[in-house]
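J.: The primary structure of each chain is shown beneath.
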Amino acid sequence: MSFRLSRALAVYRKDLLDLRKNRGLLWSMLALPLVIVVTPLGVVFAYVRNPNDPSLKAIALYYDLTVDLANTARFLVEKVLADWFVIYLVMPVFVPILISSHAVAGEKEKRTLEPLLASPVTPLELVIGKSLASLVPSVILCTLAFFLLCAGVDIVAWPLAKELVLPNGMWLFGVFVIAPLFAFFGNGVAVLLSARVGDSRLAQQLAGLMVLPLIGLAAGQFAGWLKAGTTYYALIGGLVLLLDLVIVVVARRLFDRERLMSRWG
Amino acid sequence: MSGIRVEGLEKRFGARTAVEGLTFEVRPGEVFGLLGPNGAGKTTTVRMLTGLLTPSKGHASVCGVELPLKSDDDGVALRKKVGLLTEQPGLYDRLSARENLEFFMRLNEVDEVAAWKLANALLERFGLKGREDEPVGGFSKGMRQKLAIVRALVHSPEVVFLDEPTSGLDPQSGRVVRDAIAELAKEGRTMVLCSHNLPEVERLCSRVAVIKNRLRTVASLTELRREGLALDVQVDGDASAFGSALAKLSFQVGHQAEGSRLRVMLDREEQSPDVITCLVQAGARIHSAQRAARPLEEAYLELVREEQEAP
Chain H
60 MSFRLSRALA
70 VYRKDLLDLR
80 KNRGLLWSML
90 ALPLVIVVTP
100 LGVVFAYVRN
110 PNDPSLKAIA
120 LYYDLTVDLA
130 NTARFLVEKV
140 LADWFVIYLV
150 MPVFVPILIS
160 SHAVAGEKEK
170 RTLEPLLASP
180 VTPLELVIGK
190 SLASLVPSVI
200 LCTLAFFLLC
210 AGVDIVAWPL
220 AKELVLPNGM
230 WLFGVFVIAP
240 LFAFFGNGVA
250 VLLSARVGDS
260 RLAQQLAGLM
270 VLPLIGLAAG
280 QFAGWLKAGT
290 TYYALIGGLV
300 LLLDLVIVVV
310 ARRLFDRERL
320 MSRWG
Chain P
2 MSGIRVEGLE
12 KRFGARTAVE
22 GLTFEVRPGE
32 VFGLLGPNGA
42 GKTTTVRMLT
52 GLLTPSKGHA
62 SVCGVELPLK
72 SDDDGVALRK
82 KVGLLTEQPG
92 LYDRLSAREN
102 LEFFMRLNEV
112 DEVAAWKLAN
122 ALLERFGLKG
132 REDEPVGGFS
142 KGMRQKLAIV
152 RALVHSPEVV
162 FLDEPTSGLD
172 PQSGRVVRDA
182 IAELAKEGRT
192 MVLCSHNLPE
202 VERLCSRVAV
212 IKNRLRTVAS
222 LTELRREGLA
232 LDVQVDGDAS
242 AFGSALAKLS
252 FQVGHQAEGS
262 RLRVMLDREE
272 QSPDVITCLV
282 QAGARIHSAQ
292 RAARPLEEAY
302 LELVREEQEA
312 P
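In order, the protein sequence lines correspond to chains H and P.
For the first sequence, the residue numbers in the numbering used here are 60 to 324.
For the second sequence, the residue numbers in the numbering used here are 2 to 312.
Everything labelled a hint here was simulated from the structure, so no lab data went into it.
Among the hints, erroneous ones may be present.
[Unchecked claim] Listed next, with one range per pair, are the computed distances between beta-carbon atoms: (1) Val307(H) <-> Asp180(P): 29 to 39 angstroms; (2) Val102(H) <-> Ser141(P): 30 to 40 angstroms; (3) Gly22(P) <-> Leu300(H): 47 to 57 angstroms; (4) Arg312(H) <-> Glu8(P): 27 to 37 angstroms.
[Claimed, not checked] Computed footprint of chain H on chain P; a stretch qualifies when at least three of its residues, placed anywhere within it, have a C-beta under 8 angstroms from a C-beta of chain H: (5) 53 to 66; (6) 70 to 78; (7) 90 to 98; (8) 103 to 110.
[As the list claims (entries may be wrong)] Over 12 angstroms on every C-beta distance to chain H, these chain P residues come out as not near it, computed from the model: (9) Thr44; (10) Thr45; (11) Leu86; (12) Leu119; (13) Ala122; (14) Asp164; (15) Asp180; (16) Val219; (17) Leu230; (18) Ser241; (19) Leu250; (20) Val254; (21) Ser261; (22) Ala293; (23) Leu304.
Quick caveat, the model's predicted, so the values are computed rather than measured.
We put the beta carbon where it would ideally sit given N, CA and C, even for glycine.
So that you can see chain H by itself, here it is in the shape it has in the complex (with noise of 0.2 angstroms):
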């Protein structure tokens, strides 16, 4: 067996060098989770600001006609939440996305990949650097997120919940299961289409088409058709686990040498 981690992790420290430099893909991944962590705090602020509205009551009743009628801002806030998190799911899979599509289609934009399969370096250890390179960013940056959103929600919330609103087991199950699962699952297609496309804004563009059905869900969810929660989350998370299998063996047939230097080089 001619895998040696000591090669992935050289792959992963390079890439991660370079994303450390290239300061215009950190921008623009930072600006997903200030969205995402924002935008919810906004609505909280908005129900706690006034939660004896009226309106507010009608908008609970749509959702659920057994909502208690004294705490609709409370029901409304933990829903928002509830449903908010698929939008979260949006980071873990874009993050990594913006980064692996950089991952082989830049190599071959920028004419490293021959010098680079010229080396010990195998496939295998190839697709792990690569990958790693992109997922502990994204994982950290997600949980960052998270924690900033924590935060956030219990200032925001505190003078009507009085107690701490965030994490909820939903939270803590959907960052530190489901999250890493949609993350592999958004590098492992931008990786796999970086090896198959010509050019990384090409490759991003495509992978980002990934995100579509999280928008579909949350459409669903703020329509009152689906509802949000752990058993819900958990069944997505259980079709991606599925797709993240597909992908790892997709990506043993696809990312091999000869493929990829006949290919592109």
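Please build the complex by placing chain P on the supplied structure of chain H, with the hints as guidance.
T.: Using the frame of chain H, we list chain P on its own:
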């Protein structure tokens, strides 16, 4: 064993045959040229010999590793024994020269202290010392290519493949890179140089294989020049007037006229007296006639032309 032995190597991409029938040997310590026009299959040959492409037919041995590769382990072993300088330097622009070299040292799993000793010596020799911590994106083309040479050597490979190392460089940068390669050649490294730049090949290589999708010849440069001799004849007046007279010879010869000088390409030395007699009979007043080695360019073009005309 740092030599290369190639027997009947062939590479097809679908229905298209990129290169076929390659058989040659590169001796340890030799600078060997792979000569051929664009699209002749030089890069494909190098990619097969460095394990990047699998041969469709035939086999080869590079530094004792057999091709086609039998396992991933063989591939790793081969790539540790060879260094490759690609036509484009292929460096990471945002990374410094040091970071670029460090990355390849780690991929090759070499002792970094020893590798840095070697790299520093090479950087010093190529005038890059003191620039190691600058981003490579700010380097000139010549500097980038020299750094790529250092990268190809940091793991002390037994064989170095240089694929069009001066292609796309301005004359000054090209010269700098050629000088660098010449210095390495003096050290007795086994090197395979792919090029269509004949002066470069003449300066650096001892033997060449001329290929154009298949092997045309393998010869030393002296042999290649002598493959057809030339006769330089100095006549009175315009030499081109006597070109038609040469058509009357019982054998075919090529010729070039330039002012009063007529260069006649011969197949055999014994043809010289017949050529001179023919010119005299055509009324030429001959001032001098001397045999000359055919320039490499003519020998090369003739080989490539013959190949183009072949069915």
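J.: Checking a non-interface call: every C-beta of chain H should be farther than 12 angstroms from the C-beta of Ala122(P). Is that right?
T.: Given a closest Cβ separation of 21 angstroms, the condition holds.
J.: For Ser261(P), is the shortest CB-to-CB distance to chain H above 12 angstroms, so the non-interface label stands?
T.: Per Cβ check, Ser261(P) is outside 12 angstroms of chain H; nearest 50 angstroms; holds.
J.: Mind checking, does the segment 53 to 66 of chain P have 3 or more residues with a CB under 8 angstroms from chain H?
T.: With 3 residues in contact (Cβ-Cβ under 8 angstroms with chain H), the coverage given for the segment 53 to 66 of chain P holds.
J.: Go check the segment 70 to 78 of chain P versus chain H for me, would you? Three or more residues, Cβ under 8 angstroms, otherwise it fails.
T.: Three-residue rule met by the segment 70 to 78 of chain P, so holds; n is 5.
J.: Quick check for students: does the CB of Ser241(P) sit more than 12 angstroms from each CB in chain H?
T.: holds (47 angstroms)
J.: Between Val102(H) and Ser141(P), is the Cβ distance one that fits in 30 to 40 angstroms?
T.: violated (55 angstroms)
J.: With 12 angstroms as the threshold, tell me whether Val219(P) passes as away from chain H on beta-carbon distances.
T.: The claim holds: Val219(P) sits with its nearest Cβ about 25 angstroms from chain H, beyond 12 angstroms.
J.: Regarding the assertion that Asp164(P) does not contact chain H, is the least Cβ-Cβ distance greater than 12 angstroms?
T.: Label violated. Min Cβ-Cβ 9 angstroms, cutoff 12 angstroms.
J.: Non-interface claim for Leu230(P): all C-beta distances to chain H beyond 12 angstroms?
T.: holds (41 angstroms)
J.: Was Leu119(P) rightly flagged as not at the interface, with every chain H Cβ beyond 12 angstroms?
T.: holds (17 angstroms)
J.: Compute the least Cβ-Cβ separation between Leu86(P) and chain H, then decide whether it is above 12 angstroms.
T.: Label violated. Min Cβ-Cβ 8 angstroms, cutoff 12 angstroms.
J.: Going by Cβ atoms, does Thr44(P) stay more than 12 angstroms from chain H at every point?
T.: violated (8 angstroms)
Of the numbered hints listed earlier, those contradicted by the structure are 1, 2, 9, 10, 11, 14.
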